[in-house]
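Enquirer: Spelled out from the first residue to the last, the chains are:
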Amino acid sequence: AQRKLAVRQAHGELFRMYEGWRVKMVQLRAQIEAYIDFSEDENIEDGVYTQVCLEAKKLADAIRAHLNDKRQGEILRNGVALSIVGPPNSGKSTLLNKLAQRQVAIVSPIAGTTRDIVETTLDIGGYPLVVRDTAGLRKASSDVIEMEGIRRAVEAAQEADIRICMVDAQQALDCTTKPSDSFLQNAEWQALLDLPHTFVVLSKIDTLKSSDGIQAAAQAWAQSQRINNRIVPISCANMFGWESLMQLLADDIRTAWGTSVAQQMPLTKTRHRQHLQQCLEHLDSFESIGEDMVVLGAEELRGA
Amino acid sequence: VDTIGEMSCNPSFGGIGKGVLVREVDAMDGLCGRMADLGGVQFRILNRSKGPAVHGPRAQVDRVIYKRNMLQTLQTYAGLDIKAGSVADILLDRSTELDEQALKRLASQDSTLATSSATVVGVRLESGEIIRARKVVITTGTFLGGEIHIGLKAFPSGRKGEAASIGLSKSLKDAGFRLGRMKTGTPPRLDGLTIDYSRMPKQLGDMPVSSFSFIHDSVPHANDQVVCYQTHTTPAVHDMIRANFDQSIHIRETIRGPRYCPSLESKVKRFSEKESHLIWLEPEGLPEHTSTVYPNGISNTMPEDIQQKFLRMIPGLENVVMTQPGYGVEYDHVDPRELKRTLETKRVTGLYMAGQINGTTGYEEAAAQGLLAGANAGLAAVHSKAECESQEAPQLTLDRSDGYLGVLIDDLITRGVNEPYRVFTARSEYRLSSRANNADLRLTRRAAALGL
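One line per chain: the protein sequences are A and B, in this order. Under our numbering, the final residue of the first sequence carries the number 304; numbering is consecutive throughout. Under our numbering, the final residue of the second sequence carries the number 452; numbering is consecutive throughout.
The hints are simulated quantities; they were obtained by calculation from the structure and are not laboratory data. A few of these clues could be false.
To be verified - Pairwise CB distance ranges (calculated):
| id | chain 1 | residue 1 | chain 2 | residue 2 | range |
| --- | --- | --- | --- | --- | --- |
| 1 | A | VAL48 | B | ASP224 | 33 to 41 Å |
| 2 | B | ASP196 | A | GLN27 | 16 to 24 Å |
| 3 | A | GLN274 | B | ARG446 | 37 to 45 Å |
| 4 | A | GLY47 | B | GLY85 | 22 to 30 Å |
| 5 | B | ASN418 | A | ARG254 | 37 to 45 Å |
| 6 | B | PRO52 | A | GLY47 | 23 to 31 Å |
| 7 | B | PRO235 | A | ALA62 | 53 to 61 Å |
| 8 | B | ASN438 | A | LYS57 | 31 to 39 Å |
In this text, a Cβ means the ideal position worked out from N, Cα and C, and glycines have one as well.
Isolated chain A (complex conformation) (with noise of 0.2 Å):
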């Protein structure tokens, strides 16, 4: 309820924001008019053309500003996307269900079970989240429909907000595979690592063989593999590292995309983010117009 009063209160301001803009669009827009219409019979004050210009670039350099807030408000109003993402058979699914409270996706120790994304709405700390839990990642395969999960699954992690990639701790740490089967070694893989707001998740670590020095463990393998993430070891059977994993998330979306009271007001609307791109577009061209052409700028600003 909080919540939405704050917003509704960010809204009133917005709309006197936006006004304002309105307002003085249309002085400038006068004045350029008054300079072709009249300069020439009656005295135009001096400047009146480079007063325009600058106004202009002050509103441009002022919507620009609004329009750079990193989504924040279109975020808030559809959820925080974070994607998981991982090698086959890691526990992305059962960490989406552990996440969920119920059992969304479906889980099975065979490797390959979720094909497609499977998505479900949460709440952490009170941000709105879109989790979306995706294809094991792998190599090459024969199957048409895995390669097109496994297609998918990339596509949304680069698109999310927020990455988790997940690694079987087992996997990982105990070093019994080959570095070269795992999929950790490719460059989309790496290059999903290098986003912001990515964090490694080593799970199933109640199968390792021991779990002291888990941490330790952890980090040497990080520094092993270059990776400069965040890494959170977890266990979803035993809920190791819980705490840490929701804290972490949540503090994340809070630096990242929390509304403190200095803030800017957030654009909510895709609808006001077009008009306002469309408008920046004009204002742009006005400015790169020179006086002689004054009367195509006039119609810049007509269209701003």
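Use these hints to put chain B onto chain A, whose structure you have.
Expert: Chain B only, in chain A's frame:
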């Protein structure tokens, strides 16, 4: 008859926006462009540096030459009969006789929703003579219920020295038309021989000259164009005006004057921080015809003696002699929302209106409307004579994309007016495509197809 071709105010045609209208009129075979070319004594294209979309062809015109040519052309125009007289009343034919009540209800009909309740059958002159006509076009300019103001004096008149049209005002009201009142003004006229031009910046005409008419390749007076000069008012002038505000009845807030052509009193009042206002000294014609100068920018309604006094405070005019004082005119006009796009009134079939009576200001605006209204009246008359009752008469209707005339009419009939309407390039959202240089491309074929 000899008042035909008289220019009431500024001896010039064209300007920003207006120049395009003159071209459009010319493109449809109207006369004022051609006449302005023949009588033009200084030609300039305004806004030259800002691109063709906002070019405004303009010319200072010799009053004598203009009048002579216009009169001659009209008197020899095939199929045109000219009759002089004062119209007192328009004669209407109502399908059903209406009583007081019904007439009242008619008058209270909203301009935009008015429906036809009568047909025009002619006009009656002051002399009693009746002229029967199928179609009537009213173009009363600023004469309808016209009242001139100089200082505190007010007397009925449409233009200095000419009687106002009173009876017609009443007839229109009786017919149910909504009338409004507007004001405009004109500056004093000066004797050019008493002006000291030596320290004033000059303004020369363009060379080569760009004619108004698409038919003309050149203009007769291109090589002896007159020179215009620039001067300005001074704080002393402003003080004098301020001190005498109470001597002028023109500053009545309820009656609207044009914001774009403000009187000197308005300028001083509204822009009190401005130390001086620009004045253009424009000769009214060739030196062999006149030495009168028109000071553009100082229209006012101060008493005559005050006018003479403050004129002498203007640089260069220390010894000037005023040949005619400036004055204001208040006049009635009809709410243009009473009109259809053909400029026929909604209330009375066959009655058309054009010009200042519709709330516009400027010769160009009037000429353009006149052309359209006249064309439509003519087309309708011919059509009804041929008795093709089943079809609609062909009419000339223009919309906004056709040009400034289209914009002018559309603005008038859909929005009405609350001050004298003048065209600017800003009025037309099609400014980039409706230019002075393509008026013929846009309109000539249309007009010719209708027989103009």
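Enquirer: Each hint: holds or not?
Expert: Going down the list of hints, with the structure as the test:
1. A:VAL48 - B:ASP224: 33 to 41 Å: 36 Å, holds
2. B:ASP196 - A:GLN27: 16 to 24 Å: 42 Å, violated
3. A:GLN274 - B:ARG446: 37 to 45 Å: 39 Å, holds
4. A:GLY47 - B:GLY85: 22 to 30 Å: 56 Å, violated
5. B:ASN418 - A:ARG254: 37 to 45 Å: 56 Å, violated
6. B:PRO52 - A:GLY47: 23 to 31 Å: 25 Å, holds
7. B:PRO235 - A:ALA62: 53 to 61 Å: This hint is violated: roughly 41 Å between Cβ atoms.
8. B:ASN438 - A:LYS57: 31 to 39 Å: Holds: the Cβ-Cβ distance is about 34 Å, inside 31 to 39 Å.
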